[in-house]
Amino acid sequence: SAVISQKPSRDICQRGTSLTIQCQVDSQVTMMFWYRQQPGQSLTLIATANQGSEATYESGFVIDKFPISRPNLTFSTLTVSNMSPEDSSIYLCSVGLWNSGNTIYFGEGSWLTVV
Amino acid sequence: RKEVEQDPGPFNVPEGATVAFNCTYSNSASQSFFWYRQDCRKEPKLLMSVYSSGNEDGRFTAQLNRASQYISLLIRDSKLSDSATYLCVVLRNRDDKIIFGKGTRLHILP
Numbered sequence: 001s002a003v004i005s006q007k008p009s010r011d012i013c014q015r016g017t018s019l020t021i022q023c024q025v026d027s028q029v030t031m032m033f034w035y036r037q038q039p040g041q042s043l044t045l046i047a048t049a050n051q052g053s054e055a056t057y058e059s060g061f062v063i064d065k066f067p068i069s070r071p072n073l074t075f076s077t078l079t080v081s082n083m084s085p086e087d088s089s090i091y092l093c094s095v096g097l098w099n100s101g102n103t104i105y106f107g108e109g110s111w112l113t114v115v
Numbered sequence: 116r117k118e119v120e121q122d123p124g125p126f127n128v129p130e131g132a133t134v135a136f137n138c139t140y141s142n143s144a145s146q147s148f149f150w151y152r153q154d155c156r157k158e159p160k161l162l163m164s165v166y167s168s169g170n171e172d173g174r175f176t177a178q179l180n181r182a183s184q185y186i187s188l189l190i191r192d193s194k195l196s197d198s199a200t201y202l203c204v205v206l207r208n209r210d211d212k213i214i215f216g217k218g219t220r221l222h223i224l225p
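Line by line, the protein sequences are chains A and B.
Under our numbering, the residues of the first sequence are numbered 1 to 115, in order.
Under our numbering, the residues of the second sequence are numbered 116 to 225, in order.
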């Protein structure tokens with residue numbers, strides 16, 4: 001299994017500012033993912049954070065808006081840049097463990113409200 | 116057609132009843148399948164993986180039908196604490212992408 005710590009757990013941010021979310025895993029993992037879940041919606045993959053290379057972004061998400069770092073196999077950050085109220089959402093860090101049975105674990109999420 | 120589709124519900128079911136959800140997927144090359152549970156304002160948590168032979172964990176039974184490309188979740192003797200959103204999750208083979216359904220909301224009524 002994997003234990004994932006995310007911070008901040010929640011924040012209220014001013015429009016136009018940026019916020020960086022941190023994700024720490026208790027073991028080394030190859031694949032880390034960042035998801036967004038807007039109110040009442042399902043999870044949408046923002047990007048896959050690759051260690052040692054640039055993140056791979058899904059359609060509709062760009063690096064300028066959501067820069068991601070992955071300095072090592074246990075840590076990643078997601079920045080939400082130049083925030084607007086439409087960015088109010090829960091942001092979830094996730095890791096995939098593909099060894100003995102494929103399993104996906106989530107952090108507790110970071111609840112962002114942009115005012 | 117969405118890659119993973121679920122009936123959004125809500126399913127309102129009396130306590131003690133049996134309830135079943137289905138989830139269909141469009142990519143026949145999909146590799147692995149899961150059911151996750153998400154409580155309100157919480158992160159999703161793995162309920163069970165779904166194997167070709169079907170699997171059971173207590174009151175929960177998951178089945179996979181590759182020919183018809185659907186997975187199912189059966190909950191027997193439902194409890195109030197089963198009230199949650201149940202997410203169907205598919206691991207896509209070709210690029211290891213994890214695809215989520217929109218979830219099925221379940222309300223167990225006392």
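Please keep in mind that the hints were generated in silico from the structure rather than gathered at the bench.
Don't take each hint at face value.
Listed next, the in silico BS3-like pairs over lysine-lysine satisfying Cα-Cα at most 30 Å (straight line) [as the list claims (entries may be wrong)]:
id: 1; chain 1: B; residue 1: K212; chain 2: A; residue 2: K7
id: 2; chain 1: B; residue 1: K217; chain 2: B; residue 2: K117
id: 3; chain 1: A; residue 1: K65; chain 2: B; residue 2: K217
id: 4; chain 1: A; residue 1: K65; chain 2: B; residue 2: K157
Source: prediction; values computed, not measured.
Hint consistency between K65 (chain A) and K157 (chain B) [alpha-carbon to alpha-carbon, up to 30 Å]
Status holds; Cα separation ~25 Å.
For the pair supplied as a hint, K212 (chain B) and K7 (chain A), confirm whether the alpha-carbon distance does not exceed 30 Å.
Satisfied, since the Cα-Cα distance of roughly 25 Å is no more than 30 Å.
Run the distance test for K217 (chain B) versus K117 (chain B): straight-line Cα separation, threshold 30 Å.
The hint holds at about 10 Å.
Given the hint that K65 (chain A) pairs with K217 (chain B), test it: the Cα-Cα distance must not exceed 30 Å.
Status holds; Cα separation ~25 Å.
Consistency note: the structure conflicts with none of the earlier hints.
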